[in-house]
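Please take these sequences and the hints and turn them into a complete structure.
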Amino acid sequence: DAKTTQPPSMDCAEGRAANLPCNHSTISGNEYVYWYRQIHSQGPQYIIHGLKNNETNEMASLIITEDRKSSTLILPHATLRDTAVYYCIVRVAENDNQFYFGTGTSLTVIP
Amino acid sequence: DSGVTQTPKHLITATGQRVTLRCSPRSGDLSVYWYQQSLDQGLQFLIQYYNGEERAKGNILERFSAQQFPDLHSELNLSSLELGDSALYFCASSPRGDSYNEQFFGPGTRLTVL
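Chains as they are written, first to last, in the numbering used here: chain Z, 1 to 111; chain V, 1 to 114.
Hints are computed from structural coordinates only; laboratory data are not their basis. Please note: incorrect hints may appear among the correct ones.
Claimed, not checked - Pairs of lysine to any residue, SDA-like flavour, derived with a Cα cap of 25 Å:
1. K3(Z) with Q37(V)
2. K57(V) with Y100(Z)
3. K69(Z) with E31(Z)
4. K3(Z) with R55(V)
5. K9(V) with Q38(Z)
6. K52(Z) with E66(Z)
7. K69(Z) with G42(V)
8. K3(Z) with E55(Z)
9. K52(Z) with S25(Z)
What the hints assert, rightly or not - Beta-carbon label-pair distances, calculated as ranges:
10. T20(V) with P76(Z): 40 to 48 Å
11. L61(V) with T103(Z): 43 to 51 Å
12. N77(V) with L80(Z): 37 to 45 Å
13. N57(Z) with T5(V): 36 to 44 Å
14. S79(V) with D11(Z): 39 to 47 Å
15. P76(Z) with D1(V): 32 to 40 Å
16. P95(V) with N30(Z): 39 to 47 Å
To be verified - Only some residues are given here: those of chain Z computed to face chain V with a beta carbon under 7 Å:
17. C12
18. G43
19. P44
20. Y46
21. T103
The model shown is predicted, which means the values in this text are computed figures rather than measured ones. For each residue, glycine too, the CB sits at the ideal point set by N, CA and C.
This is the structure in structure tokens:
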């Protein structure tokens, strides 16, 4: 049970911002939101994570709504190398170390 | 390069056989996680070890087992292989045992069972 809902696919023009939404309406107060991506069949790559505040790093920004029921991953200037499957993950329980990857969003960056 | 290494990269074997997949975590990481990714099931968590001890168990079949050695490398043993076990197997590592850490994934081992 992935506990998150993401659109199955999205397109984005090269150089534009890619905004990837995720719904996690059953998230509890101590659960973090993580984003990973998987390029072709490579190992998933960590992007960013957050609890309730917006976060930014060198790869992306994470915007979490005030009620924490949804979030958006923003890739500010998408490149062709950002074409990948993006997974939004929430940790399920206090002592549960499992990451449930779900089906993710397949992002295609178009030249 | 995540710093996590997995061997072998590819493995082709027959039904009923047994194989061992190996993972070396990033230097200093104490936790190792194993995942299976098949076409119809997506990325599934199998098992986690922390500093040599089993910490969490997911959708791991009884035919599969794992261990983590004193040098922190880990092995995933798959026995009585079936066609449906064909998949990518990923290992990940993290510094601690809780999932507040990000996990760093290796390049995977592609297992084909004929």
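Status of each hint after checking the structure:
1. A C-alpha spacing of about 19 Å is found between K3(Z) and Q37(V), which places the hinted pair at or below 25 Å, so the restraint holds.
2. Between K57(V) and Y100(Z) the CA atoms are separated by roughly 13 Å; this keeps the pair inside 25 Å, and the hint holds.
3. Only pairs whose Cα atoms come within 25 Å are accepted, and K69(Z) paired with E31(Z) is accepted, the gap being roughly 11 Å.
4. At roughly 22 Å between alpha-carbon atoms, K3(Z) and R55(V) fall within 25 Å of each other, so this suggested pair holds.
5. Note on K9(V) and Q38(Z): the hinted pairing holds, with a Cα-Cα distance of about 17 Å set against a maximum of 25 Å.
6. For a cut-off of 25 Å, the pair hint linking K52(Z) to E66(Z) stands: about 7 Å separates their Cα positions.
7. Of the pairs offered as hints, the one joining K69(Z) and G42(V) holds, with about 24 Å between alpha carbons and a cut-off of 25 Å not exceeded.
8. Restraint check for K3(Z) and E55(Z): satisfied, since their Cα atoms lie roughly 21 Å apart, inside the 25 Å limit.
9. At roughly 14 Å between alpha-carbon atoms, K52(Z) and S25(Z) fall within 25 Å of each other, so this suggested pair holds.
10. Checked against the given bound of 40 to 48 Å, the beta carbons of T20(V) and P76(Z), roughly 43 Å apart, stay inside it.
11. Checked against the given bound of 43 to 51 Å, the beta carbons of L61(V) and T103(Z), roughly 22 Å apart, lie outside it.
12. Judged by the Cβ atoms, the range 37 to 45 Å given for N77(V) and L80(Z) holds: they are separated by roughly 39 Å.
13. At roughly 25 Å, the beta carbons of N57(Z) and T5(V) sit outside the given window of 36 to 44 Å.
14. Under the hint 39 to 47 Å, the C-beta atoms of S79(V) and D11(Z), about 44 Å apart, fit the expected range.
15. At roughly 24 Å, the beta carbons of P76(Z) and D1(V) sit outside the given window of 32 to 40 Å.
16. Between P95(V) and N30(Z) the beta carbons are some 20 Å apart, a value that contradicts the proposed interval 39 to 47 Å.
17. Look at C12(Z): its Cβ only gets to about 23 Å from chain V, farther than 7 Å, so that hint breaks.
18. Here the hint on G43(Z) is kept, as its CB sits about 3 Å from the closest CB of chain V, short of 7 Å.
19. Interface hint at P44(Z): satisfied, since its Cβ lies 5 Å from the closest Cβ of chain V, which is below the 7 Å cut-off.
20. A cut of 7 Å between beta carbons decides the hint on Y46(Z): the least distance to chain V is about 4 Å, and the hint holds.
21. Hint status for T103(Z): holds, given a least beta-carbon distance of 6 Å to chain V, under 7 Å.
Consistency with the previously given hints fails for numbers 11, 13, 15, 16, 17, ordered from lowest to highest.
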